[in-house]
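Q: Residues per chain are reported as follows:
There are 2 protein chains.
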Amino acid sequence: MSAVVVEKPALREGAFGNAQALSCRECGHQVELGPHYACPECFGPLEIAYEFGTVTREQIEAGPRNIWRYKALLPVPDDIESSPNTEPGFTRLLKADNLAAELGITNLWVKDDSTNPTNSFKDRVVACALSAARELGAKVFACPSTGNLANAVAAAGARAGIKTVVFIPSNLEQPKQVNSAVFTESLVAVNGNYDDVNKLASEIAGEEEGWAFVNVNVRPFYAEGSKTLGYEIAEQLGWRLPDQIVIPVASGSQLTKVHKAFQELIKLGLVEDKPYKVFGAQAEGCSPVSVAYKAGVDAIRPVKPDTIAKSLAIGNPADGIYVLDICKQTGGAVEDVTDDEIRAGIVQLARTEGIFTETAGGTTVAVLKKLVETGQLDPTLETVAINTGHGLKTLDAVSGSVGPAATIDPTYAAFAATGLA
Amino acid sequence: MSAVVVEKPALREGAFGNAQALSCRECGHQVELGPHYACPECFGPLEIAYEFGTVTREQIEAGPRNIWRYKALLPVPDDIESSPNTEPGFTRLLKADNLAAELGITNLWVKDDSTNPTNSFKDRVVACALSAARELGAKVFACPSTGNLANAVAAAGARAGIKTVVFIPSNLEQPKQVNSAVFTESLVAVNGNYDDVNKLASEIAGEEEGWAFVNVNVRPFYAEGSKTLGYEIAEQLGWRLPDQIVIPVASGSQLTKVHKAFQELIKLGLVEDKPYKVFGAQAEGCSPVSVAYKAGVDAIRPVKPDTIAKSLAIGNPADGIYVLDICKQTGGAVEDVTDDEIRAGIVQLARTEGIFTETAGGTTVAVLKKLVETGQLDPTLETVAINTGHGLKTLDAVSGSVGPAATIDPTYAAFAATGLA
Chain G
1 MSAVVVEKPA
11 LREGAFGNAQ
21 ALSCRECGHQ
31 VELGPHYACP
41 ECFGPLEIAY
51 EFGTVTREQI
61 EAGPRNIWRY
71 KALLPVPDDI
81 ESSPNTEPGF
91 TRLLKADNLA
101 AELGITNLWV
111 KDDSTNPTNS
121 FKDRVVACAL
131 SAARELGAKV
141 FACPSTGNLA
151 NAVAAAGARA
161 GIKTVVFIPS
171 NLEQPKQVNS
181 AVFTESLVAV
191 NGNYDDVNKL
201 ASEIAGEEEG
211 WAFVNVNVRP
221 FYAEGSKTLG
231 YEIAEQLGWR
241 LPDQIVIPVA
251 SGSQLTKVHK
261 AFQELIKLGL
271 VEDKPYKVFG
281 AQAEGCSPVS
291 VAYKAGVDAI
301 RPVKPDTIAK
311 SLAIGNPADG
321 IYVLDICKQT
331 GGAVEDVTDD
341 EIRAGIVQLA
351 RTEGIFTETA
361 GGTTVAVLKK
371 LVETGQLDPT
381 LETVAINTGH
391 GLKTLDAVSG
401 SVGPAATIDP
411 TYAAFAATGL
421 A
Chain P
1 MSAVVVEKPA
11 LREGAFGNAQ
21 ALSCRECGHQ
31 VELGPHYACP
41 ECFGPLEIAY
51 EFGTVTREQI
61 EAGPRNIWRY
71 KALLPVPDDI
81 ESSPNTEPGF
91 TRLLKADNLA
101 AELGITNLWV
111 KDDSTNPTNS
121 FKDRVVACAL
131 SAARELGAKV
141 FACPSTGNLA
151 NAVAAAGARA
161 GIKTVVFIPS
171 NLEQPKQVNS
181 AVFTESLVAV
191 NGNYDDVNKL
201 ASEIAGEEEG
211 WAFVNVNVRP
221 FYAEGSKTLG
231 YEIAEQLGWR
241 LPDQIVIPVA
251 SGSQLTKVHK
261 AFQELIKLGL
271 VEDKPYKVFG
281 AQAEGCSPVS
291 VAYKAGVDAI
301 RPVKPDTIAK
311 SLAIGNPADG
321 IYVLDICKQT
331 GGAVEDVTDD
341 EIRAGIVQLA
351 RTEGIFTETA
361 GGTTVAVLKK
371 LVETGQLDPT
381 LETVAINTGH
391 GLKTLDAVSG
401 SVGPAATIDP
411 TYAAFAATGL
421 A
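Protein sequences, first through last, are from chains G and P. Be aware that the first sequence starts at 1, since it is given in full-length UniProt numbering, and climbs by one per residue. Be aware that the second sequence starts at 1, since it is given in full-length UniProt numbering, and climbs by one per residue.
Some hints could be false.
When chains are identical, the list treats them as one kind, so a pair holds in a single copy or across two.
Below, computed lysine to aspartate or glutamate pairings styled on EDC-like, alpha-carbon distance capped at 20 Å [stated by the list, open to error]:
id, residue 1, residue 2
1, K294, E173
2, K260, D306
3, K304, D196
4, K163, E102
5, K260, D196
In case anyone wonders, no lab produced these hints; they're calculated from the structure.
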């Protein structure tokens, strides 16, 4: 299953903090912590099981201003801050009164992950994967990716001084290639689409010794990084859960992990136990979870993506069924929007709150709008929307729809004639 | 001088916090706080004079995780956090051991302002200008700019709900136009170069009532925002000044304000009084201050810029003589590097620390390298280098020099043949 070979005796004490085992989400079977991602019994997804002990608000608040303030809740060692990493997280939670007014919501916040080190939430998950790779003795830190993940892996690997190899489709736009190539001399362009790149990555993970593919063989560790979004939102609200939260859905991992984070905070007594509704946001051109939700079925039918929201374009989302389950169980919903609505969402967030989001964030804003209009989201309750990445990475999405209001000669008379004064 | 007309009685109590007056840097003449930027006696630059009273570390540490934790040291009201703003600052101070090792330095830090809301240090200064504009009753928030400043003004204005008008040269690259146009419907493209745009802005500032041009008539307030870089560095080092600091020089304002910040911290007893050396970094293609430093003269001879470091391309830097003075007085220096060295600096910082900087940051890294090689900077002393902005904004600078190591078919055999395994 994986060739990151470190015998257990080689693992140092506390390599994974309070994590105790890998536990199958489907059958509950437990395996030892290591580079495994599928249950040997039922092939279900493995996730991290912990014994947290006591964790206090004071302990967290005394920590660094990045995700490591939550290290006791992550599969990382207690000395994680001392290992070079990009120090992601603790991004802005902005009160979004202007957007709220336009949408008819009373109390709205935007959690802005576009200000992370490589400008997306991927820095969080990659930082956790990097820790696992280091503790497991990996020699190479790698991923298949079309964008945000490639940036995050290449940057984190550079800073950690570990060799990175990043695989991308060869037809990827040049700016996106540069944004990874600047960090690594081992960017590999693959003739094929993302599925081909992904398949090649799995093959290499099986053949090569000591390779940690962040989203393949160390995925259970990687995925835990998304929990920090949930922790931060609660802490930044003053150790309180919101009533409603809207989260974009690609593989669905982020949504399930934010829910997991909220549940952990409740169990640890760090926030009051209260109901909250989780909403999933998809693009119409890749909406397998939304389609299943609306049809009232439990199974996700894979689709071939066709949307400008490339970072959400996963046609067969691994955690789709868990997203369905969480959204239904909490009283939320899953909704989707068109590419035009996504473009409008990007501009609306920029014009109201000064945040330039990528297409995934445009999807979230547009879905939020649609949820209010269709009465699925209660506009009187406190709501948080997550912005997962930066608009500079998906400039093409809006470059046709925004631009100068006027082009003038450099004279006051020419300016006065524009009517902009 | 300015048409932001608010009679003094209309200013609310405490509108500018501990700021007491505008004081001429040249002759010391004081004028009332308002939209003024040049001394009525001698035309010298005006800057903010304060009476701080007592400011403690505890007071600052209890503040928000953005520049407003230093509000007692800025010309802003005590309730500044409650007015919508982009909440910039408190960016990463990263220990840069990999870069240090390559450069032969023992103890190096990078202050990374590329993770600010619109990805440059300009968010700091614009936030202070926005506060002044609001308190002065301005109706329009404006600037002439070719890049970072335009982004910051358009975003901050959108979030504050104040009308923004941003002036750019009409031949500006489309991505840079989009990165401002997404925030404002009043982007004005001007047929001409930056000097033409700037001249037009001054003309409009004189003609129109209630316009706050951030870098023209509210410049003294605006410039104070750069002090927060100095405060943060000291606080993040554990309330301690570094021995050496390297700062890029465009107008020179940032360098003088970081020095001012260090001096204020010493006077307030917030850090120990100790010597520190300040170094200025310029691009050879626009190096009027470096040329004067090397020639040992006090006067700056203006130049016509010709460099890829566009955000440093100010041929007649307003604060150049103060930069010279500070660098000489503290035992530092001013140095410049070629465009090729700048490109190499960008890649070196990315590959060693996972930070993708713009050309200004590449300049700083390259100058740091040159200062060590020429013996001007002591490699055994603690050193901080400032990264002012994000590489995504100046992609062209490196797009020709980095890229995939290999392009392969999607098979393991093809990968194995690359030698990257």
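Q: Which numbered hints are broken by the structure, listed smallest first?
A: 1, 2 and 5
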